[in-house]
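**Student:** Sequence order for the protein chains is H and B. Reading the first sequence from the start, the letters are residues 1 to 113 in our numbering. Reading the second sequence from the start, the letters are residues 114 to 225 in our numbering.
Any given hint could turn out to be false.
Claimed, not checked - If you anchor each label on the Cβ, the simulated ranges turn out as follows:
1) Asp151(B) to Gln112(H): 33 to 43 Å
2) Thr71(H) to Arg221(B): 30 to 40 Å
3) Glu15(H) to Ser180(B): 39 to 49 Å
4) Ala27(H) to Leu209(B): 17 to 27 Å
5) Gly1(H) to Thr190(B): 46 to 56 Å
6) Ser193(B) to Glu76(H): 21 to 31 Å
Quick caveat, the hints were computed from the structure, so don't treat them as lab data. The beta-carbon is built from N, C-alpha and C at its ideal position, and this holds for glycine as well.
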Amino acid sequence: GNSVTQMEGPVTLSEEAFLTINCTYTATGYPSLFWYVQYPGEGLQLLLKATKADDKGSNKGFEATYRKETTSFHLEKGSVQVSDSAVYFCALTYGGATNKLIFGTGTLLAVQP
Amino acid sequence: DAEITQSPRHKITETGRQVTLACHQTWNHNNMFWYRQDLGHGLRLIHYSYGVQDTNKGEVSDGYSVSRSNTEDLPLTLESAASSQTSVYFCASSELSTGELFFGEGSRLTVL
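Excised from the complex, chain H in its bound form (with noise of 0.2 Å):
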């Protein structure tokens, strides 16, 4: 079946480090794949997505690329700041009428000054 696999957390860096969060997946076909982030006391909301194999997601100075031959769409950041400290989820999704996202057990990243 579809499923999605994150880096296990916490993630602590220092400010203006380099973060990566890795995310792989299982699937067959061509699923859209998304990065949603979770900030403190709030709900989801989507940071980036990417709907074909090659296509580079970005927002707010994170980027992820769709790698179709590694089954990858690992979120990078040059240079994270403190107001990044949140929960990372990875998903994906056939879209259409009738399919879900799937989720990642997300991956906490703090970053300290």
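Since the structure of chain H is provided, determine the placement of chain B on it from the hints.
**Tutor:** Coordinates of chain B only, in the frame set by chain H:
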């Protein structure tokens, strides 16, 4: 602006009581979902609906029910609350073409 709202945001109840969590969206999305979030488990799907009068069980549906009488609302009912149902509950709706989910702010339920 379109939005999705949940109520109540916080609820404390006793074991055995019936509890209903409301979810209302103005995106006009057909697809709506209820998830629970627990430490170590991420998000787990409880129930979902693809349109009016349609409801489906997710991976952790025992003890929960939903009904869909219109496009905008998908209330989640705990028939007889148990301590294991203490959690944060999120409602979401999705865009048809991409599957992107739009989430409410969550309802924190404590069952004593």
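**Student:** Give a verdict on every hint.
**Tutor:** Evaluated hints:
| no. | hint | verdict |
| --- | --- | --- |
| 1 | Asp151(B) to Gln112(H): 33 to 43 Å | violated (26 Å) |
| 2 | Thr71(H) to Arg221(B): 30 to 40 Å | holds (35 Å) |
| 3 | Glu15(H) to Ser180(B): 39 to 49 Å | holds (48 Å) |
| 4 | Ala27(H) to Leu209(B): 17 to 27 Å | holds (19 Å) |
| 5 | Gly1(H) to Thr190(B): 46 to 56 Å | violated (29 Å) |
| 6 | Ser193(B) to Glu76(H): 21 to 31 Å | violated (46 Å) |
In summary, the structure is inconsistent with hints 1, 5 and 6 from the numbered list given earlier, while agreeing with the others.
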